[in-house]
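Asks: Each chain is listed here by its residues.
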Amino acid sequence: MKAVPAMRQYGFGFLAGTTWDPNTGQFGILPEIWGTLYTSFLALLIGTAFGVAAAIFLSEGFLAQAVFLILKTFRLQFHPMLARLPDRMEGLLKNLIELLAAIPSVVYGLWGLFVIIPLIRPACNWLNMKVGWIPLFGTTLTGPGVLPAVIVLSIMILPTITAISNGALVAVPPKLRMAAYGMGATRWETILAVILPTAFRGIVGAVILAFGRALGETMALAMLVGNANRISVSLFSPANTLAALLANNFPEAAKKDVGVLMYAALVLLAITLLVNIAGSVILQRASAVQEGAK
Amino acid sequence: MNTQDATFNSHIKPCPPDPFGPEVNPFDDVNFSELEKSLRRPRTLVDLLLSNLVSVMTVLALIPLFSVVLMLLWHGGQKLSLDVFTQLPPAPMEEGGGFGNAILGTLIMVVPAALISIPLGILSAVYLAQASLESPLAGAVRFGAKILTGFPSILAGVFAYGVLVLTLGGYSAIAGGVALSILMLPTIILTAEDSIRMVPSKMRDAAVGMGATPTQTTWMVLLPTAMPGILTGIMLAIARAAGETAPLLFTALFSNYWLFRGGFDLKQPTASLAVLIYNFAGMPFDNQVDLAWVAALVLVMMVLVTNLIGQAFSRRQIQE
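Chains as they are written, first to last, in the working numbering: chain D, 1 to 294; chain F, 295 to 614.
It is possible that some hints are incorrect.
[What the hints assert, rightly or not] Distance windows between CB atoms, simulated: (1) GLY438(F) / PRO173(D): 26 to 34 Å; (2) ASP323(F) / MET178(D): 23 to 31 Å; (3) GLN372(F) / ARG84(D): 26 to 34 Å; (4) VAL340(F) / PHE68(D): 17 to 25 Å; (5) MET521(F) / THR73(D): 42 to 50 Å; (6) GLN372(F) / ALA123(D): 24 to 32 Å; (7) PRO430(F) / LEU96(D): 18 to 26 Å; (8) ILE277(D) / SER495(F): 28 to 36 Å; (9) GLY371(F) / PRO118(D): 13 to 21 Å; (10) GLU98(D) / ALA506(F): 35 to 43 Å; (11) LEU96(D) / GLY371(F): 17 to 25 Å.
[Claimed, not checked] Some chain D residues judged to face chain F by a derived CB distance under 7 Å, without partners named: (12) GLY91; (13) LEU113; (14) PRO174; (15) MET219.
Since the hints were derived computationally from the structure, they do not count as laboratory data.
Every residue gets a Cβ at the ideal spot worked out from N, C-alpha and C, and that includes glycine.
Chain D extracted, bound-state conformation:
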């Protein structure tokens, strides 16, 4: 594409440089690569925990049981009008989680800017004051920063993780579950020792695809991450990501800088393609393995 001249000019130094200055013509995207990977990785930690929890909650009939218990306390559990309520609730919850994915990312950005940041700022600054010697809490949160970006990002990838790992959990052959219960295992012994290992590949595939989404996510990050060209492990300092860099610089780019931005886009493309292909291949293998188990 148009990246070739810039690649020839800056070479691999582009990947390792830390300054971005159109005036002097110095370009380097190491801070952006670091910021992209760092925010995505942290978001993945949170998103996986909650996403897999929600998938288990949905697939193992917790909700139906809870609804049934509530109905039982009102002695309505065999009421003909309410008989299908537990199943209906499960479908409703699934749709609600999918709606999380339907909200445009720019709206999440707006929400993060005016709701999340004021909400977490006191807690963050308190943490910085008390345990500021831990590098994670090394700076104060003045406005946009890594943590709000990570929070919003994890919300955005949660539906992906939940939907795909729910599929993997539901696809576990019922025989296995029955056998585990028949041996006298409790529900969580069954889940941890039988169901999760069987669905493991599917869940890993889901997590990797979600990682790809997080890497390429643009708007929410451009609004929340702070767009500061620096490398820092602190959760509260501003940073930058590749996608946000593109979003912020492309509209005003002079003709000669477009090549540099194209180079950065190429790097982002390479990273996300790699991650997405890995995720898809793992998912395909996972479904093939489960076809064989049936």
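With chain D held as given, fit chain F onto it using these hints.
Replies: Just chain F now, with coordinates in the frame of chain D:
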């Protein structure tokens, strides 16, 4: 009589109740208190704790959804008025104003995007559904479509920028539409292929048996039967495209004016709701920030309604 009976029976020993040994209660060795569900036993306790943990985490995961919707209604609902739909964006420090041109611009860019991606998507889905599962070309296309669904939206913008903005010499609604169509395509292909494959093979066989050509089978049997599923895919794709911001930032850019100035022209920078939210959210003026919230409310309503229509279609297909 009695004595005779006694002598007759005397050689028979009294039979023990159990021929294999003394009578035992099979439950003698079992400690019943061990079998009871008691919270003092670690496995029960772990079970209960994890169940509650998972429930709480699921509820927490849903809080953002409600928070976003509530905040949108709270901030956006206050300023929502008819003016918002008819007026142009205000200049800094100016009061009032609206984003009528952005709503129009969003619709105008989604239409060419749909015109490009719907025929392409359905045609390739027809091909994918007809080709055998082992066909390497179909497999490659399907894999490519799957990869494209996770494709960063901003890269679609970079592509449209390189292909259209630089060659046409300026930001335009067409470039925005092309960028959006790239994002819509994979969703349409994958859902349409699925729903065509779900058409019962009986119907296909019947059509072929009646002497229909492959084209007739596809047009008159497969596509009409699969239509609800295809429409679901289209609706989902449109909802996604309408909310996309990143690819529009530097393809359609933004504009403070109506698109119709001096004739209908798709080759001008065009406003869109999503870019308007992004631009106004970063401004230090209260009026603009409020407008951003209203625009977000309108955008989310549009997207959610489109989504719900799509889900209604998919329900219809399941029932058939």
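Asks: Would you mind marking each hint as holding or not holding in the structure?
Replies: Cross-check of the supplied hints:
1. Under the hint 26 to 34 Å, the C-beta atoms of GLY438(F) and PRO173(D), about 31 Å apart, fit the expected range.
2. In this structure, ASP323(F) and MET178(D) meet the distance hint of 23 to 31 Å, their C-beta atoms being roughly 28 Å apart.
3. For GLN372(F) and ARG84(D), the Cβ-Cβ distance of about 40 Å falls outside the hinted range of 26 to 34 Å, so the restraint is violated.
4. Taken as a hint, the range 17 to 25 Å holds for the pair VAL340(F) and PHE68(D), whose Cβ atoms sit roughly 23 Å apart.
5. Checked against the given bound of 42 to 50 Å, the beta carbons of MET521(F) and THR73(D), roughly 45 Å apart, stay inside it.
6. Remark: the range hint 24 to 32 Å for GLN372(F) to ALA123(D) is upheld by a beta-carbon distance near 28 Å.
7. Distance hint check for PRO430(F) and LEU96(D): the Cβ-Cβ separation is about 40 Å, which falls outside the suggested range of 18 to 26 Å.
8. About 32 Å separates the C-beta atoms of ILE277(D) and SER495(F), a value consistent with the hinted range of 28 to 36 Å.
9. In this structure the hint that GLY371(F) and PRO118(D) lie 13 to 21 Å apart at CB holds, the actual value being about 20 Å.
10. Separation of GLU98(D) from ALA506(F) is about 38 Å and conforms to the stated range, judged on CB atoms against 35 to 43 Å.
11. At about 21 Å, the CB distance of LEU96(D) to GLY371(F) agrees with the hint of 17 to 25 Å.
12. Hint status for GLY91(D): violated, given a least beta-carbon distance of 10 Å to chain F, over 7 Å.
13. A distance limit of 7 Å between C-beta atoms decides the matter here; for LEU113(D) the minimum to chain F is near 6 Å, and the interface restraint holds.
14. Hint status for PRO174(D): violated, given a least beta-carbon distance of 20 Å to chain F, over 7 Å.
15. A cut of 7 Å between beta carbons decides the hint on MET219(D): the least distance to chain F is about 5 Å, and the hint holds.
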